[in-house]
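**Student:** Got chain A; can you put chain B on it based on the hints?
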Amino acid sequence: MLKSPASSQTKPLAVNQTKQRTKTTFALNAKDKYYAWIFLGPSLLILSVFIFYPMIKTLYLSLFLTNTVGKPTVFVGLSNYISLLTSADYLSSLGVTMVYVFAVTILTIAIGLVLANYASKELAGIGIFRTLFSATMGVSVSVAAIFWLFIFNPSTGFLSLISTWLHLPQIGWLTDPTAAMIAVTITTVWMNLGFTFLILLGAIQSVPTTLYEAANVEGASPRYQFLHITIPMISPTLFFVSIITLIEAFKSFGLIDLMTKGGPTNATNMLVYRIYKDAFYSGNFAQASAESIILTAIIALFTWLQFKILEKRVNY
Amino acid sequence: MIKNWITFIKKHWFPVVAAVVIVLGVVVVGSARNATTAKAGRTPIVFWHEMGGPAEQALDKMVDSFNKSQDKYEVIPQYEGVYDEAVQKIIQSHGTSASPAVFQSFDISTAQMMHSKYTTPVQKFMNEDKSFDASKISPVARSFYSNKGQQLALPFNTSQPVLYYNATLLKKYKITPPSKSPSYSDVTRVAEQLYKRSHHQVKGMTIEIYGWLMEEALANAHTSLINHGDGHAGNPTKINLKNPTTVKFLKWIRTNIKSGDFVNYGSGASAETNEIAAFLAGKLGIFVQSSAYIGQLTTGNKDKLGISYFPHPDGVKANGVGIGGAALWISNDKPKKVQKGAYEFMKFALNAKNQANWQAATGYLALNKDSQKQAALKKLYAKQPEARVPGEQLASAKPNDTNSGILMEGMQLTRELEQTAMESVYEGGSINKALTTASQSMNASLKTTNRADKK
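Those protein sequence lines, which keep their order, are chains A and B. Residues in the first sequence are numbered from 27 upward in steps of one, following the working numbering. Residues in the second sequence are numbered from 14 upward in steps of one, following the working numbering.
Next comes chain A alone, as it looks inside the complex:
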């Protein structure tokens, strides 16, 4: 290769610069420490006021009984935890939450994946579908809840109209315990779908097309391509989406509050909603604190499990 005189002149200079750079040490001097505090200070302050202090206080309150005005009075050790974990009511809430969380996570990802896979095909007018499928991202929880409440309305709702036309038995969507759970799950999945779809669509589109071309040459079926190229290639995104959806499902509050208020017969009384009810309705801050700590432990456990189990199957 021919080299221009100019480039041969600049090269030694660049080498010189890198040499100088490697010499610098990474020890913090006094000025750096000053900057560290400036940069970390605000977030540390905000975190300690709004996260660490409440967490410690929650832990503290959970070891007491609280009186009318929410002040801790009697130290009871772990008895709040024991009475919670032996109460049939709380355990049923726990069970209900698990069913809901897994149903929401699995359905959201499955439907999101199917939609994203179809929407990733380059067809005429596909943009319309992409917009439609991701539209729920722009819908707030309250709007979604009201929208679905109309659909589930027992007298004038869309679903009850359909079952009247088809002469099917009426379902009390929000008054029957099983149906209410299904109704809340459908609504949550619908709400989450936009975000999941968009993230998965982005992931699918960034899979190198050469892989598919090679597979086509080999004569692999679309299904085989999806399972053996698309899924492994987007596994980091699937992992991310599954964690986010799972945690969001655990934290689900707005929809429950607006649609069922935890009813009927506590069939949709999820852990987070229960904490809110116990603290801000019943004024039982001690019990609510114990519930919060248990919820934190559960979410931490699931996140850890996901990292342990799912991460092994992720191809980065």
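Calculated from the structure, these hints are not laboratory results. Please note that the accuracy of each hint is not assured.
[Unchecked claim] DSSO-like mimics (lysine-lysine), calculated; alpha carbons at most 27 Å apart, straight line:
no., chain 1, residue 1, chain 2, residue 2
1, B, Lys130, A, Lys97
2, B, Lys467, A, Lys97
3, B, Lys102, A, Lys83
4, A, Lys83, B, Lys467
5, B, Lys347, B, Lys193
6, B, Lys161, B, Lys360
7, B, Lys149, B, Lys85
8, A, Lys97, B, Lys347
9, B, Lys411, B, Lys251
**Tutor:** What follows is chain B alone, placed relative to chain A:
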């Protein structure tokens, strides 16, 4: 000059930004505070309430006329969301500069407010004030917010559960309407006939899954839910939901569910919306609900509305039902002058004219005896004669322990548990089992509450 400024900012950007943020923060907080300051020479009385919609407008009007009626105080109304959430807001903000001088808190928070010791009993001001004639105010409403002869708070917006029926539909199917104070079997008769004669096109009745209605069923049958005379004779220690009266009430509902004339709309605000929608559409004959809905049920209703008293079990004399709604309380963390102002406002809110206007505008019952002679109510009765019935029911009840509310802390949880019990019965579960479970949870919670409060 400008150049100097820029170099200064470049050198000391952090303190400058911090200073700007602090100044802005102070300005924002300061201007927010301004909203609660009164006109010169007047003592500001911050008033927290939970009235939304048309009731809020009527309340603002009342506050406005109070402020115009004198020049010592200025009441500043602030909407605080729904009842259930406001209770903790009031308790947790006590003793801070943000706390209200006078606040509205709902019926079942009475014991909580009493135990908190955050309020000055109104009785103290009533004793000093000879101009206020408490006997004009409905006795059953007064007794709800009093303990051992001492008035803790003054009732304000008050409703009672009544039985609504579609008089036009009953006439169409030639059904005798329920009597003025109907028994359970009388209501069942009407509901079943309506369902049958309309060829299942019209549902007979519904009762919302709502602990309040179950408690009122107990009150009307002169049965206590908790010991020590529903808490009026001393702090309660035992709850008994599984008593013959509750069983009778739930069996009555079950009978109707079995014969198909009963429709379940569930619980909460959506249940109320749905039952009213069905009632107005002529698809539901009877429902039991708060008298505060009367306005909604008369405007835009093409059918004639019928109203009866809350039903009572067969063979039991109706004891009269307790009230629902909310009372006005005075916080004790404010100076004497402010508390006096709060009391003056409460007195004003309860005068004959204001109570009459209040009922005409909202459907809450006028608590002052003299309100019935006021122009606003006369006009209302001329237009809707049936609007008299809830007021008559209120006036007919003689206060005793069972119809003066349940004076126990933790009523919000009790309501939840009652609701869960009702839900499981509506879905076909065993009545005994549902009531036993609820009673156990209630007693466990009461035990903890009493233990925590002792210290």
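**Student:** Next step is simple, just say for each hint if it's right about the structure.
**Tutor:** Hint-by-hint comparison with the structure:
1. B:Lys130 <-> A:Lys97: Since the Cα atoms of lysine 130 (chain B) and lysine 97 (chain A) sit roughly 13 Å apart, the hinted pair holds (cutoff 27 Å).
2. B:Lys467 <-> A:Lys97: Between lysine 467 (chain B) and lysine 97 (chain A) the Cα gap is close to 12 Å, so the pair holds against 27 Å.
3. B:Lys102 <-> A:Lys83: Between lysine 102 (chain B) and lysine 83 (chain A) the Cα gap is close to 19 Å, so the pair holds against 27 Å.
4. A:Lys83 <-> B:Lys467: Holds, because 22 Å separates the two Cα atoms, which is no more than 27 Å.
5. B:Lys347 <-> B:Lys193: violated (47 Å)
6. B:Lys161 <-> B:Lys360: The hint holds at about 22 Å.
7. B:Lys149 <-> B:Lys85: holds (26 Å)
8. A:Lys97 <-> B:Lys347: Holds - the C-alpha atoms of lysine 347 (chain B) and lysine 97 (chain A) are around 21 Å apart, at most 27 Å.
9. B:Lys411 <-> B:Lys251: With Cα atoms ~25 Å apart, lysine 411 (chain B) and lysine 251 (chain B) stay inside 27 Å; holds.
Of the numbered hints given earlier, the model fails hint 5 alone.
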